[in-house]
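J.: Here is what each chain is made of, one letter per residue.
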Amino acid sequence: GAVVSQHPSWVICKSGTSVKIECRSLDFQATTMFWYRQFPKQSLMLMATSNEGSKATYEQGVEKDKFLINHASLTLSTLTVTSAHPEDSSFYICSAESFSGGHNEQFFGPGTRLTVL
Amino acid sequence: AQSVTQPDIHITVSEGASLELRCNYSYGATPYLFWYVQSPGQGLQLLLKYFSGDTLVQGIKGFEAEFKRSQSSFNLRKPSVHWSDAAEYFCAVGARYGDYKLSFGAGTTVTVRA
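Just so you know, the protein sequences line up as chains A and B, in that order. Residue 78 in our numbering sits at position 78 of the first sequence, and the numbers go up by one each step. Residue 59 in our numbering sits at position 59 of the second sequence, and the numbers go up by one each step.
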């Protein structure tokens, strides 16, 4: 149980275009999902917290107009990188939160590799 | 807010030897603690987690970790390393109350030599 998928697994796009990444919880409902960014040889940095039916909460330094997050249902959150530029190239990982056994836990997707040319 | 320190950036170990990865955290109470492994180009795989109870936690792939409150540590160990254990390892700490965000350490790269 507690499987999270991401689509696409990789994407290459031209500078200036927008790219949408989907994060789905396949076998559970998640009111909260998280989006992380990972540069090569670096750790995961939390970008934003996505809450179903409300606006996302962005971490300091993350441009909310650049990284649009929509959490329209209890199983789907999307991250849209708008007007992507080469510096946006990165590995984007989502997680979905589940409450079980008396505590919250995040389950991670496999990640999406974005390359902006 | 919580934070995590992984003091070792890179560790090289011989196949069959023991491995210990260090993790220290900063949090005002007992946090939730996790160890993840990441192979190149892949997502995160949960090795083990600590929420409460027994401070020695068993995980997958023969890994274990011990929570030491007095040292604010959660070190990961494996008695005998296999070549397939070469990967990046991340320690993470989660808040027990509030927003449940995770904070990740910088990671430790493990190289296994034959």
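Hints are computed from structural coordinates only; laboratory data are not their basis. As the structure is a computational prediction, the values presented were derived from the model and not from experiment. Beta carbons: idealized from backbone N, C-alpha and C, even for Gly. Treat each hint with caution, since some may be false.
Said to hold, decoys possible - The list that follows gives simulated cross-link-like pairs (lysine-lysine, DSS-like), each with its CA atoms no further than 27 Å apart:
| id | chain 1 | residue 1 | chain 2 | residue 2 |
| --- | --- | --- | --- | --- |
| 1 | B | Lys61 | A | Lys41 |
| 2 | B | Lys101 | A | Lys64 |
| 3 | B | Lys101 | A | Lys41 |
| 4 | A | Lys41 | A | Lys14 |
| 5 | A | Lys20 | A | Lys55 |
| 6 | A | Lys41 | A | Lys55 |
| 7 | A | Lys64 | A | Lys41 |
| 8 | A | Lys14 | A | Lys64 |
| 9 | A | Lys66 | A | Lys41 |
| 10 | A | Lys20 | B | Lys101 |
| 11 | B | Lys68 | B | Lys49 |
| 12 | A | Lys66 | A | Lys20 |
| 13 | A | Lys41 | B | Lys49 |
| 14 | A | Lys55 | A | Lys66 |
| 15 | B | Lys49 | B | Lys61 |
| 16 | B | Lys49 | A | Lys66 |
| 17 | A | Lys55 | B | Lys101 |
| 18 | B | Lys49 | B | Lys101 |
| 19 | A | Lys66 | A | Lys14 |
To be verified - Per label pair, the in silico range of CB-to-CB distance:
| id | chain 1 | residue 1 | chain 2 | residue 2 | range |
| --- | --- | --- | --- | --- | --- |
| 20 | B | Ser14 | A | Leu74 | 42 to 50 Å |
| 21 | A | Lys66 | B | Ser3 | 32 to 40 Å |
| 22 | A | Phe39 | B | Ser72 | 40 to 48 Å |
| 23 | B | Ser52 | A | Leu117 | 26 to 34 Å |
| 24 | A | Ile12 | B | Arg69 | 44 to 52 Å |
| 25 | A | Gly53 | B | Gly16 | 46 to 54 Å |
| 26 | A | Thr82 | B | Ser84 | 25 to 33 Å |
| 27 | B | Thr109 | A | Glu52 | 34 to 42 Å |
| 28 | A | Leu26 | B | Ser80 | 15 to 23 Å |
| 29 | A | Asp65 | B | Arg113 | 46 to 54 Å |
| 30 | B | Ser72 | A | Thr82 | 36 to 44 Å |
J.: The structure should be examined with respect to each hint, and the outcome stated for every one.
T.: To see whether the hints hold, each was checked on the structure:
1. Lys61(B) - Lys41(A): Status holds; Cα separation ~23 Å.
2. Lys101(B) - Lys64(A): Between lysine 101(B) and lysine 64(A) the Cα gap is close to 19 Å, so the pair holds against 27 Å.
3. Lys101(B) - Lys41(A): The given pair, whose Cα atoms are some 22 Å apart, holds under the 27 Å limit.
4. Lys41(A) - Lys14(A): holds (24 Å)
5. Lys20(A) - Lys55(A): holds (17 Å)
6. Lys41(A) - Lys55(A): Violated - the C-alpha atoms of lysine 55(A) and lysine 41(A) are around 31 Å apart, more than 27 Å.
7. Lys64(A) - Lys41(A): Distance ~25 Å between lysine 64(A) and lysine 41(A) Cα, so the pair holds.
8. Lys14(A) - Lys64(A): holds (21 Å)
9. Lys66(A) - Lys41(A): Distance of about 24 Å is within 27 Å: holds.
10. Lys20(A) - Lys101(B): It holds: about 24 Å lies between the C-alpha atoms, which stays within 27 Å.
11. Lys68(B) - Lys49(B): holds (14 Å)
12. Lys66(A) - Lys20(A): holds (12 Å)
13. Lys41(A) - Lys49(B): holds (23 Å)
14. Lys55(A) - Lys66(A): holds (15 Å)
15. Lys49(B) - Lys61(B): holds (14 Å)
16. Lys49(B) - Lys66(A): violated (34 Å)
17. Lys55(A) - Lys101(B): Holds, at about 17 Å.
18. Lys49(B) - Lys101(B): The hint holds at about 15 Å.
19. Lys66(A) - Lys14(A): Holds: lysine 66(A) and lysine 14(A) sit about 16 Å apart, inside 27 Å.
20. Ser14(B) - Leu74(A): 42 to 50 Å: Roughly 48 Å apart at Cβ, these two residues keep to the hinted range, so it holds.
21. Lys66(A) - Ser3(B): 32 to 40 Å: violated (26 Å)
22. Phe39(A) - Ser72(B): 40 to 48 Å: Cβ of phenylalanine 39(A) to Cβ of serine 72(B): about 27 Å, so the range 40 to 48 Å is violated.
23. Ser52(B) - Leu117(A): 26 to 34 Å: Since serine 52(B) and leucine 117(A) have Cβ atoms about 48 Å apart, the given range 26 to 34 Å is violated.
24. Ile12(A) - Arg69(B): 44 to 52 Å: Since the Cβ atoms of isoleucine 12(A) and arginine 69(B) sit about 47 Å apart, the hinted range of 44 to 52 Å holds.
25. Gly53(A) - Gly16(B): 46 to 54 Å: holds (53 Å)
26. Thr82(A) - Ser84(B): 25 to 33 Å: Violated, at about 40 Å.
27. Thr109(B) - Glu52(A): 34 to 42 Å: holds (36 Å)
28. Leu26(A) - Ser80(B): 15 to 23 Å: violated (35 Å)
29. Asp65(A) - Arg113(B): 46 to 54 Å: Holds, at about 48 Å.
30. Ser72(B) - Thr82(A): 36 to 44 Å: Holds, since serine 72(B) and threonine 82(A) (Cβ atoms, about 41 Å apart) stay within the stated range.
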